[in-house]
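Given the coordinates of chain A, work out where chain C with the ligands should sit on it, guided by the hints.
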Amino acid sequence: MTILKVDSVSAGYVPESNILHDLSLELNEGEIVSVIGPNGAGKSTLLKTIFGLLKPKSGKIQLKNEVISGLKPFRIAQKGVSYVPQVNNVFPSLTIQENLEMGAFIRSDDYSDTMEEVYTLFPVLKERKNQKAGQLSGGQRQMVAMGRALMLKPEVLLLDEPSAGLAPIFVSSIFDKIKEINATGVSIIIVEQNAKEALKMSHRGYVLAMGQNVLDDKSDALLANEEVGRLYLGG
Amino acid sequence: MIELIVYGIVLGSIIALGAIGLTMVYRIVGFANFAHGEFMTGGAYVALFVVTILLPWIGFPDSRFVPLSFGWRMVIAFPIAMAVVAILAIALDKILYKKLRAKKSGPVILAMASLGASFIIRMTILIIWGSDYIFYRPGLMRPALDLPLSVKIRPDQIFIFCAAIFLVILLHLFLKRTKMGKAMRATADNTDLALVTGIDTERIIAWTWAIGGGLAAAGGVLYGIDVQLHPGMGWNFLIPIFAATILGSIGNIYGALIGGFVIGIAQQVSTAFLAPTYKLAVAFMIMILILLIRPQGIFGKE
Ligand SMILES: Nc1ncnc2c1ncn2[C@@H]1O[C@H](COP(=O)(O)OP(=O)(O)OP(=O)(O)O)[C@@H](O)[C@H]1O
Ligand SMILES: [Mg+2]
Numbered sequence: 001m002t003i004l005k006v007d008s009v010s011a012g013y014v015p016e017s018n019i020l021h022d023l024s025l026e027l028n029e030g031e032i033v034s035v036i037g038p039n040g041a042g043k044s045t046l047l048k049t050i051f052g053l054l055k056p057k058s059g060k061i062q063l064k065n066e067v068i069s070g071l072k073p074f075r076i077a078q079k080g081v082s083y084v085p086q087v088n089n090v091f092p093s094l095t096i097q098e099n100l101e102m103g104a105f106i107r108s109d110d111y112s113d114t115m116e117e118v119y120t121l122f123p124v125l126k127e128r129k130n131q132k133a134g135q136l137s138g139g140q141r142q143m144v145a146m147g148r149a150l151m152l153k154p155e156v157l158l159l160d161e162p163s164a165g166l167a168p169i170f171v172s173s174i175f176d177k178i179k180e181i182n183a184t185g186v187s188i189i190i191v192e193q194n195a196k197e198a199l200k201m202s203h204r205g206y207v208l209a210m211g212q213n214v215l216d217d218k219s220d221a222l223l224a225n226e227e228v229g230r231l232y233l234g235g
Numbered sequence: 001m002i003e004l005i006v007y008g009i010v011l012g013s014i015i016a017l018g019a020i021g022l023t024m025v026y027r028i029v030g031f032a033n034f035a036h037g038e039f040m041t042g043g044a045y046v047a048l049f050v051v052t053i054l055l056p057w058i059g060f061p062d063s064r065f066v067p068l069s070f071g072w073r074m075v076i077a078f079p080i081a082m083a084v085v086a087i088l089a090i091a092l093d094k095i096l097y098k099k100l101r102a103k104k105s106g107p108v109i110l111a112m113a114s115l116g117a118s119f120i121i122r123m124t125i126l127i128i129w130g131s132d133y134i135f136y137r138p139g140l141m142r143p144a145l146d147l148p149l150s151v152k153i154r155p156d157q158i159f160i161f162c163a164a165i166f167l168v169i170l171l172h173l174f175l176k177r178t179k180m181g182k183a184m185r186a187t188a189d190n191t192d193l194a195l196v197t198g199i200d201t202e203r204i205i206a207w208t209w210a211i212g213g214g215l216a217a218a219g220g221v222l223y224g225i226d227v228q229l230h231p232g233m234g235w236n237f238l239i240p241i242f243a244a245t246i247l248g249s250i251g252n253i254y255g256a257l258i259g260g261f262v263i264g265i266a267q268q269v270s271t272a273f274l275a276p277t278y279k280l281a282v283a284f285m286i287m288i289l290i291l292l293i294r295p296q297g298i299f300g301k302e
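Same order as they appear, the protein sequences are chains A and C.
Residue 1 is where the first sequence starts when you use the numbering used here, and the numbers rise one by one after that.
Residue 1 is where the second sequence starts when you use the numbering used here, and the numbers rise one by one after that.
Any given hint might turn out to be false.
[To be verified] Think about it this way: if two alpha-carbon atoms lie no more than 30 Å apart in a straight line, the pair counts; the simulated BS3-like pairs of lysine-lysine are:
hint: 1; chain 1: A; residue 1: 153; chain 2: C; residue 2: 176
hint: 2; chain 1: A; residue 1: 72; chain 2: A; residue 2: 57
hint: 3; chain 1: A; residue 1: 153; chain 2: C; residue 2: 179
hint: 4; chain 1: C; residue 1: 176; chain 2: A; residue 2: 57
hint: 5; chain 1: C; residue 1: 179; chain 2: A; residue 2: 57
hint: 6; chain 1: A; residue 1: 132; chain 2: C; residue 2: 103
hint: 7; chain 1: C; residue 1: 103; chain 2: A; residue 2: 60
Since the hints were derived computationally from the structure, they do not count as laboratory data.
Only chain A is shown next, with the shape it has when bound in the complex (with noise of 0.2 Å):
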């Protein structure tokens, strides 16, 4: 069944010009899916766009049934979908367990339980809860940033490049996170430098290039198309 849907949207930062034009995207289930592209084709903006920070100026993106194309970021969350951004994603000066905290602001209900699971997914974090989040390293930073995420108990995150300026061993960590984040029943929408190993773990690839649909298909098809792999997947 198909949980986020964008429906040919156009949208960007100014009125007069569009960062992405006619895009369309869809997100089943219990998916992972890599949207992979060139930089500044517009990654980080489509998923601005699907939490609201962007409102798109044609085009619908819908939450299971329901409009949420014009909604505040707040009201997004609400229904179930979680952000993590590109860069800035935790608050510096406060420590793991008060970002944690703040991820679970709009909760009125006992989250207790919530920061417990994040902790059991995140050891470390655990350990350093009284740390503030600017002493962090690159990788628990990005543990951090998803934990927060996570406090809502989304059913929909958008992680914008977490293995972004991550060490190649973290980088393989913070992708066995996000598997297991998506078998505890989340879907997910990634934005991927790391194309390749994105594809890997992701059940269909977007490629996206100047604000358009160059191409989709499952993950083993993209890995596999010889064109997708010059142009995108380095080689």
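Relative to chain A, chain C with the ligands alone:
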């Protein structure tokens, strides 16, 4: 000399109450609020109204906590002054600054608007109360206590220091322990991420004004208790509180606290060498020196 340092600490605690609000507003709302001094004046005059008109009118008895110069009337007036100014500060944001933010006006436009607001508030107070210097309790002898090291200090001044520290501790606990306080720090850290997290940043801004306005009002009342009231009092505090803010690194609450004490002490100690009328010039000089030597302030990163 030691006596001047002690007086400087008293003055510094008042400056700090102004500077903390100024620095919070700068960090979270994003501009230098030139009307901040007027929040101090406003607080002082609201308390004056409550102490000398409202409470006598409802027949609230006069009292005095000897050896302090004030009694229960001031105890009631103090939080009222803080609350009224807090509400005024939120109202000013809603009718003026918020409109400018919605138009995506830059920090310079907002600062200029605040300068205009400061004139309006000051003139309003001037029209209502006149330009005289006023005491909360006129004609009272205020003997000083003799402390060791030949320090003479009035009991009121000890109270002022304690009250300021008490408020700072309350603020600290609010920021560290409460959900709203943590959300405020989160917003100060990264407004975009706060939005993404679902924090209603407009609500945080309102809280920031309330706290900044309330603390400034407290500073104004304390200054009124220490010295006297005058419609220009807050305006005269503007340079010291800006100097304290910049010295303590703009946006840093604890820096503003330290900066307040440093500026207060520097101002008082300078009177040993210079005429007291140069006190403001001293604060101004320090501010210029910091801007030239270390513009990021003592707690700022390179
Ligand atoms: N805040 C912004 N304001 C205006 N233009 C922007 C903004 N952010 C990005 N852009 C522009 O939008 C286009 C797409 O940027 P986007 O960040 O979506 O690309 P991306 O595919 O995520 O690239 P990268 O791999 O570098 O992260 C670029 O031309 C960029 O210059
Ligand atoms: Mg990007």
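How the hints compare with the structure:
The suggested pairing of residue 153 (chain A) with residue 176 (chain C) holds, with an alpha-carbon distance near 25 Å, which does not exceed 30 Å. In summary, the hint linking residue 72 (chain A) to residue 57 (chain A) is supported, as the alpha carbons are separated by about 15 Å, within the 30 Å threshold. Restraint check for residue 153 (chain A) and residue 179 (chain C): the C-alpha separation of about 19 Å stays at or below 30 Å, so the hint holds. Between the alpha carbons of residue 176 (chain C) and residue 57 (chain A) the distance comes to roughly 41 Å, so the proposed pair goes past 30 Å and is violated.
A hinted pair counts as satisfied when its Cα atoms are at most 30 Å apart, and residue 179 (chain C) with residue 57 (chain A) does not qualify at roughly 36 Å. With a C-alpha separation of about 35 Å, the suggested pair residue 132 (chain A) and residue 103 (chain C) falls outside the 30 Å cut-off, and the hint is violated. At roughly 27 Å between alpha-carbon atoms, residue 103 (chain C) and residue 60 (chain A) fall within 30 Å of each other, so this suggested pair holds.
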